[in-house]
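J.: As a plain string of letters, each chain reads:
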Amino acid sequence: MIGDIFEILLTAGFWAATIRIVSPLILGTLGELICERAGVLNLGIEGIMTMGAMAGWMWVFQGGDLWGGIVFAAFIGALFGLFHASFTVYLGLSQHVTGIGITLFASSLSYYVFRMLLPDATTPPKIVPFQPYAIPGLSDIPVIGEALFSQTPLTYLALLSVPAVWYVLERTPLGLAVRMAGENPVAVESQGIDVLAVRTGAVMVGSAFMAIGGAFITMSAFDAFYFGMINGRGWICVALVIFASWRPGKALLGALLFAGLDALQVRAQQLAGAQIPYQFFLMAPYVLSIAAMVVMARRASYPKALLVPFRRGDRV
Amino acid sequence: MRIETRQEVALWRVLLAPPLAVLAALVLGAGLIIWAGEPVLASYFALLKGSLGSSFALNETLTRSTPLIFTGLAAAVAFRAKFYNIGAEGQLYCGALAATFFGTGLISLPPVLMVPFLMLVGAMSGGAILIVPVLLKTHMKVDEVVTTLLLNFVILLLAGYLLEGPWKDPMSLGWPQAAPIIDEGIWPPLLAKGRLHLGFIFALVAALLAWALMRFTVWGYEIRAVGLNASAAGFAGIGVNATVIRTALISGGLAGLAGVSEVAGLKGYLTLDLSPGFGYAGIAVAMLAQLHPLGVILSAFFISAVYVGADAMSRSTDIPTYIADVLVGLSVLTILVSVMLTRYRIRWS
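Chains as they are written, first to last, in our numbering: chain Z, 1 to 316; chain A, 1 to 349.
Calculated directly from the structure, the hints in this document are not laboratory data.
Just to be clear, a hint being listed does not mean it is correct.
[Unchecked claim] From chain Z, some residues computed to sit far from chain A (all C-beta separations above 10 Å):
id, residue
1, L174
2, A187
3, Q191
4, K250
5, L253
[As the list claims (entries may be wrong)] In silico SDA-like pairs for lysine to any residue, Cα to Cα no more than 25 Å straight-line:
id, chain 1, residue 1, chain 2, residue 2
6, A, K141, Z, L257
7, A, K82, Z, S139
8, A, K267, A, D311
9, A, K141, Z, A16
10, Z, K250, Z, K126
11, Z, K304, A, N229
12, Z, K250, Z, A16
Every residue gets a Cβ at the ideal spot worked out from N, C-alpha and C, and that includes glycine.
Generate the whole structure from the sequences, applying the supplied hints.
T.: As structure tokens, then:
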């Protein structure tokens, strides 16, 4: 058994699958991370990912091109982010309940829109999704070439957004404003920066990331939209943010570890044959997410103002 | 824009908040009905007729409100202590699994004992599954929202395994369903016609008990105090962790009862589609009730009417049934604003 697992780890197919699985997770995790660094917990993620998956797919199905679909999904995501922020940032309402409400609303709205536009679809219709693009030269490297450099453009985008988000958050004045809005909003305000605007912007950008993560599933990983297809990935991303201690680099590591174990369980499932029921393998991602939070919880340093609404003039 | 605290919270504003929120949700939902090319008022009238318009419809609405009262109470009690239990869906299945385990022949008692016994094991198992998330919250500060949500998926997969494997009823013609609950454990119907069963009475009693608990007991006082300000409650000598753990067990137990009610009261056996999201809808029920246990009865009736009525409405119009879920999701958001406006006013400057 151990030997078999070791053998799986040496195949390029395993690594390619890991990179494929990690792409939507990394986008969703970065999106949640951006929101939370600005002090806003966004539990709308599951619904926003569903919305992004439906919106991007529907754009292409109605005749639009693939990148247009991604932009559209991001736009819709940002719109839901604005919705979330006007409740949690401007009105200072409960971030927990608002997020759950957005998830209930956005996912049911996605299904409603899907049914309205395709009332008679019994078998889910398909689009031509993003095709793998082998990067010349790099894709010829054994194993790594197939795993890393023969993916779809959306995967490259997901992987490149990790250093991009890191750079903006950690090395630019804008990133500093976002982080301070999540740590010490009073200090931000004393610098003459509008905390509410910074937080709103962060939630909108973060929600756009989530929606692209959702769109990856219908436009790159698969080619159709199913009901319930996000299947808890959004919640897993929220867990990964905690696991990553709110750092983009660690988020990539955590998501990779997670995706690797997920890719492994699919293959181990075939190895185990009928000995272990498949449901237990499917449980693994959820149990792992809980375990990941437990492992890191003690060391996690929450953004100080996470969940705390900011009202101008309030003394803290 | 400035948000100002009102000097006092007027009772009429508090009472007006839920109807206003519902109205706002219906107005927003009207956009989707217009998009479907249907007349708004006639469609909502079809929804009303489909949920309350006949004794059959009313019976069905009361039947569907039974699990929603339980899951609504589960959320209302937990949210009072600011323990965000979003796992009622999973806890519901835990209750149903326990009722199935003990109620399909393992133990046989006279009905007077069997019915309460199944309720007890169902409630205990619903509460038990919350022990891990609540201890992680109190002892390691792990957010309970994510853990309870993730457990929903785990429990549903476990139920899937049991129903396709060891618990599968050989008489079920291949469907993944468990053996039926023995006659002694079945909750009798309340009326000669329709599906309304004893569980509705149990749900009303549960709401009364939850109200009495929150209103008149030390535990209820502690739950409310911890929810209002945990550090102040701790300073005043209330055991905050103990209170949160106790609240979680009560909340999980109530959600577990929803599962027992659906298995022993309605279906008679456990299937994987036992709950079409009663656990999540319970959050909307609790929010619309402003977390008041007696209000839960009214808001569960309303949410149930939306679901039952939307089924009827979509049969006679081109509006997809998902309109019900959209309205429920919207009302979670609109009630947040309307409750806020009872305590604050917004000044545009």
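J.: Each of the hints needs a verdict: does it hold here or not?
T.: Hint check results:
1. L174: The claim stands: Z:L174 keeps its Cβ more than 10 Å from every Cβ of chain A (closest is about 24 Å).
2. A187: 21 Å, holds
3. Q191: Given that every Cβ of chain A is farther than 10 Å from that of Z:Q191, nearest at about 21 Å, it holds.
4. K250: 17 Å, holds
5. L253: 19 Å, holds
6. A:K141 <-> Z:L257: 23 Å, holds
7. A:K82 <-> Z:S139: 52 Å, violated
8. A:K267 <-> A:D311: 19 Å, holds
9. A:K141 <-> Z:A16: Violated, because 36 Å separates the two Cα atoms, which is more than 25 Å.
10. Z:K250 <-> Z:K126: 35 Å, violated
11. Z:K304 <-> A:N229: Since the Cα atoms of Z:K304 and A:N229 sit roughly 18 Å apart, the hinted pair holds (cutoff 25 Å).
12. Z:K250 <-> Z:A16: 20 Å, holds
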